[in-house]
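Based on the provided sequences and hints, a complete structural model is requested.
These protein sequence lines map, in sequence, to chains A and B.
Sequence positions in the first sequence follow our numbering and run 1 to 160.
Sequence positions in the second sequence follow our numbering and run 1 to 274.
These are computed hints drawn from the structure, not numbers from a lab.
A quick note: this is a predicted structure, and the numbers were derived from the prediction, not measured.
25 Å max Cα-Cα, derived SDA-like pairs, lysine to any residue: (1) B/LYS55 to B/ASP78; (2) A/LYS50 to B/SER229; (3) B/LYS225 to A/LEU68; (4) B/LYS207 to A/ILE27; (5) B/LYS221 to A/ARG9; (6) B/LYS267 to A/ALA100.
Here are the chains, one letter per residue:
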Amino acid sequence: MPTFVYMTRCDGCGHCVDICPSDIMHIDPTLRRAYNIEPNMCWECYSCVKACPMNAIDVRGYADFAPLGHSVRVQRDEEKGVIAWRIKSRNGETDLNLLAPITTKPWGTAIPQLKNEAEPTQEVRDSQLLFNEPKYIRMDDGDIHTLESAGLRMKSGVYY
Amino acid sequence: MFTTNPFLELSGLIPPLAMQIYVIAMVILVAGGTILDMIHKKNAEYFFRNAEKAKKAATRNVSAGEKVSIAVSTVAVDVLTSGEFCNQRRRLAHLLTMYGFILFIVSTAVLIFGYAASPSPAIWPLLWHLGALLVCVGGYWFWFAIRVDVAAEGNPWYRVMRADLFILALLATTSFALLWSVFSATFFFVLFIAAATVLFGTVLWSKFAHMFFKPAAAFNKRMTKADGSNENLPEVPDLTDPAVQERYPDIPEYLGKNPPNMGLGIKREAPSHY
Chain A
1 MPTFVYMTRC DGCGHCVDIC PSDIMHIDPT LRRAYNIEPN MCWECYSCVK ACPMNAIDVR
61 GYADFAPLGH SVRVQRDEEK GVIAWRIKSR NGETDLNLLA PITTKPWGTA IPQLKNEAEP
121 TQEVRDSQLL FNEPKYIRMD DGDIHTLESA GLRMKSGVYY
Chain B
1 MFTTNPFLEL SGLIPPLAMQ IYVIAMVILV AGGTILDMIH KKNAEYFFRN AEKAKKAATR
61 NVSAGEKVSI AVSTVAVDVL TSGEFCNQRR RLAHLLTMYG FILFIVSTAV LIFGYAASPS
121 PAIWPLLWHL GALLVCVGGY WFWFAIRVDV AAEGNPWYRV MRADLFILAL LATTSFALLW
181 SVFSATFFFV LFIAAATVLF GTVLWSKFAH MFFKPAAAFN KRMTKADGSN ENLPEVPDLT
241 DPAVQERYPD IPEYLGKNPP NMGLGIKREA PSHY
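Here it is in structure tokens:
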């Protein structure tokens, strides 16, 4: 479902070019508007769609599985710290509005200051966990799950 | 010098009637080029089909009074002050070129149709020169400083492509007009006429017609916001509204009852990496 650009909306500002992780949003040298140079390399991350200040970028579904005429559009409001989605089905029966926070603190005020953190102890260095890995992403309170901790052992061969 | 009417001096060489016929021919070329452009690109068809789609998806009726106020704000913001541009340098360059072009065209028409055979009030030649100068300031600024900047397009000034047909023809027209007025040389007059003919005769291939399409697109964009169709875009509601907070409980939970202004995130930095 690659992105495409509404030419009447784009003003060629380049936000999408900057943000595209696949580097496939470019400015057309003739029309001075953004366009997707390689639609089949687009993995629909929606970064450019959300970054476009003109809402000039949309995503189209492939005709073989997405119902043509549907619409999934997004509005990212940085100052309010929220993202809004609107999903419309082709027959118009579904018109779903969603809203979710995208930050809890003003932008740029909560950058981790890793240089101020205490050095890792020997125990942490010997652990299989990453330094400063938050406790809540561990699978238990102490260490990660292993075959050993689960009372299992590696066997040779293929088992079904 | 800037209060001298160059067309009065020219009337010794070319009869005023010939000048007037040339201006009318240019108007016809612009009108014809725009119509052919519309037929070729089918942009009018797209525009009206889109407007029809928006009308079907509208959630409220826009009254005639509202339409007038939308038209007024389109003219005030999008047309008169080039409000569409995010980049302020481009916006200023566009304003200089736009107002310069309007002054130049209007004063040319007045001088040729009103004062090609008789002396004119000093204001009209002054406006003619001022218009040409403004186009030159805005246009050369765009060509040599803004366009070459990687934050804009990163094209060296000597790289010319089809998209540049309009700006280059416009710059050539006003530059040769000024040179002709200053040096009174037939050579510059011939170049001025050649450049003007290219400018008005290549509407089909250049972006000349944007001055007619852009206001229509800006009006349509404002209309879709007013009638609630909003091009299928979601609305970002007022987060302090209790009804909104009840519908989306994540908002008060993570942002509080009275969410603060989070400032700008990625938009703090102007795009400059291409």
